[in-house]
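Spelled out from the first residue to the last, the chains are:
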Amino acid sequence: MTEPALALTDVDFSWPGRGGFSLSCPSFEMARGESVLLLGASGSGKSTLLSLVCGIVAADRGRVDVDGTDIGSLSAGARDRFRAERIGVIFQQFNLLPYARVADNILLPLRFAPERRRRAADASHEAARLCAALGLPEGVLTLPSGRLSVGQQQRVAVARALIGSPPLIVADEPTSALDANTQDTFLSLLFDQAGRAGSSLLMVSHDERLGHRFDRVIRLEDIVTTERTAA
Amino acid sequence: MILRLAIGSLWARALTVGMTVLAISLSVALFLGVEKVRAGARASFADTISGTDLIVGARSGSVQLLLYSVFRIGNATNNVTWESYQDIAARPEVDWIVPISLGDSHRQFRVMGTTQGFFEHYKYRGGRPLQIPDGHGLEDLYDAVIGADVAATLGYAVGDPIVVAHGLASFTEHADQPFRVAGIIAKTGTPVDRTVIISMEAIEAIHVDWQSGARVPGQTTPVDVIRQMDLTPTAITAALVGVKSRLQIFGLQRWINEYPEEPLLAILPGVALGELWQIVGVAETALIGVSAMVVVTALLGMMAMIFSSLNERRREMAIWRAMGARPATILGLLVLEAALMAALGAALGIALLYLGLAVAQPWVDAAFGIWLPIQPPTAREAWVLVGVIGAAALASLLPALRAYRLSLADGMMVRI
Chain G
382 MTEPALALTD
392 VDFSWPGRGG
402 FSLSCPSFEM
412 ARGESVLLLG
422 ASGSGKSTLL
432 SLVCGIVAAD
442 RGRVDVDGTD
452 IGSLSAGARD
462 RFRAERIGVI
472 FQQFNLLPYA
482 RVADNILLPL
492 RFAPERRRRA
502 ADASHEAARL
512 CAALGLPEGV
522 LTLPSGRLSV
532 GQQQRVAVAR
542 ALIGSPPLIV
552 ADEPTSALDA
562 NTQDTFLSLL
572 FDQAGRAGSS
582 LLMVSHDERL
592 GHRFDRVIRL
602 EDIVTTERTA
612 A
Chain Z
266 MILRLAIGSL
276 WARALTVGMT
286 VLAISLSVAL
296 FLGVEKVRAG
306 ARASFADTIS
316 GTDLIVGARS
326 GSVQLLLYSV
336 FRIGNATNNV
346 TWESYQDIAA
356 RPEVDWIVPI
366 SLGDSHRQFR
376 VMGTTQGFFE
386 HYKYRGGRPL
396 QIPDGHGLED
406 LYDAVIGADV
416 AATLGYAVGD
426 PIVVAHGLAS
436 FTEHADQPFR
446 VAGIIAKTGT
456 PVDRTVIISM
466 EAIEAIHVDW
476 QSGARVPGQT
486 TPVDVIRQMD
496 LTPTAITAAL
506 VGVKSRLQIF
516 GLQRWINEYP
526 EEPLLAILPG
536 VALGELWQIV
546 GVAETALIGV
556 SAMVVVTALL
566 GMMAMIFSSL
576 NERRREMAIW
586 RAMGARPATI
596 LGLLVLEAAL
606 MAALGAALGI
616 ALLYLGLAVA
626 QPWVDAAFGI
636 WLPIQPPTAR
646 EAWVLVGVIG
656 AAALASLLPA
666 LRAYRLSLAD
676 GMMVRI
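Protein sequence lines correspond, in order, to chains G and Z.
Here the first sequence stands for residues 382 to 612, numbered as in the numbering used here.
Here the second sequence stands for residues 266 to 681, numbered as in the numbering used here.
One chain only, chain G, in its complex shape (with noise of 0.2 Å):
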């Protein structure tokens, strides 16, 4: 039996003195190379669960197994090492270091990530050949991010999150910022690419129209339970 990608049991955590925001995840599991949509409102708690995926805060109880190892047991540091290695992320927008060129935001990660740096072979080509596969225009690796339109950018995002093959990727509502017909092509490209590198791919979004595309779709409410007590 293959681990999952990702498992959260048992998970508790609140934010340590920010307004008392809780959120407990009894259970929750998404297979390798499984495509998951998660549907969830602002302040439904997807922020925090995403943060809680990522390692950038650990369970107060419970486990958080990415890719078959327990993120709460590690420490910060080696936390930040294990998302640069094993996850990919994209944001909604301003996904990118402006003033980068985009071969050095693609890159990015890997600076943090020998493992996933070996397994990017030749991580400049393996750049050029997202770009390529991403429908980015030919010489684009050289330009400074801010110069990019908005697709293009969340596009270079994709290849960003992509190199070096992690086996998942978080993906933040990245289509939010682009229109009906760019979200399209832009959701074909990341499923394509994203299967070719064995990705599971775990979308956030309040958009259900995109859930034909997904194994599974899942409303927020129905994995987790958030608290809000008054400050």
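Simulated from the structure, these hints should not be mistaken for lab results.
On a predicted model such as this, the values are computed, not experimentally measured, just so you know.
By construction, the Cβ of each residue, glycine as well, lies at the ideal position given by its N, Cα and C atoms.
Errors might be hidden in some of the hints.
[Stated by the list, open to error] Here are the simulated distance ranges between beta carbons: (1) L280(Z) - G520(G): 25 to 35 Å; (2) R528(G) - A569(Z): 24 to 34 Å; (3) G520(G) - E577(Z): 52 to 62 Å.
Please arrange chain Z on chain G, whose structure you already have, making use of the hints.
Then chain Z, alone, in the frame of chain G:
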């Protein structure tokens, strides 16, 4: 790659970073400039007199003797008799000796009686002789050679008449015996610039009709009679002495200090200058303090600039964190940026300094007689630059620590 990104990040904020770098560079240039001027002033001060091995005068303090014999500040308490002078001149160690007689003035400038030997032996700034581009030295009894400042202030040219006043700030003039400007000494940056030089004999001549500091009533000896008189001085104020071998300086100094006929004092000009500089040097410490505060101010400005940039950079920090950068990496990035800004500022400051030196050097020399040498940075200056960069890195730690805490709290999710 981190370095390239740090440079890219700075470049993207070229305006604010540029202003900060400019502030740092100006402060660095000012600090090093003050250092240069200080060193130049000190060197010029120490170079006021060179080539003279001993200064001899009546017994008083060594600083006092230096002040009145070289800087023409204050007055001698006593004179040295002509006999003592001749005894010293007769010593086998003595290579040359030049007498100095002070006490009279012309307008605000001191008059100094001496011999032609003064022009041969008085050296300044590492052995430079006095030069008289205009006119000639002391030839006639009533020749006066004036310093550059005297000529410039009073508008004198060669051939102009000069009347010497008795004493300092006095209204009694030696009007019966006018002098003629025979030569004007090129600017030296020493007290010579502010001196009217006449011969020892002339000092005697103008005092022929004087006794105990007052004119003998009704007595006026005609000039042609005076010219025939024996004008050997009876006393001098001080003497500059050169010895044949430097090894003999201390022996001669002891001999003069123990001279039995009269209480005398012989000083080494360099030593006395050092003592004097210790008194004057308090001002230089204040200058350094002020310019150091300017550097501190520039670094504080940089700190404020980093602080204010933190908020708009939270998104950027979140990207770094999401890519797997540890909070410590973000702290390091900010410190690196600060060090880069300081290094750029320091380099620019050095460039400004040398540009300023190149422009100001001739002017400062002409106006103040301070020679600012243009040399590669000294080890001390290099340490100052390293210190500025280090201090910048240190100052940036405060905002960087705040960024560290922010990035810990924000993680990858910034709610702006």
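Taking the hints in turn, this is what the structure says about them:
1. The hinted range of 25 to 35 Å is satisfied by L280(Z) and G520(G), whose Cβ atoms lie roughly 29 Å apart.
2. At about 30 Å, the CB distance of R528(G) to A569(Z) agrees with the hint of 24 to 34 Å.
3. At roughly 30 Å, the beta-carbon separation of G520(G) and E577(Z) lies outside the given 52 to 62 Å, and the hint is violated.
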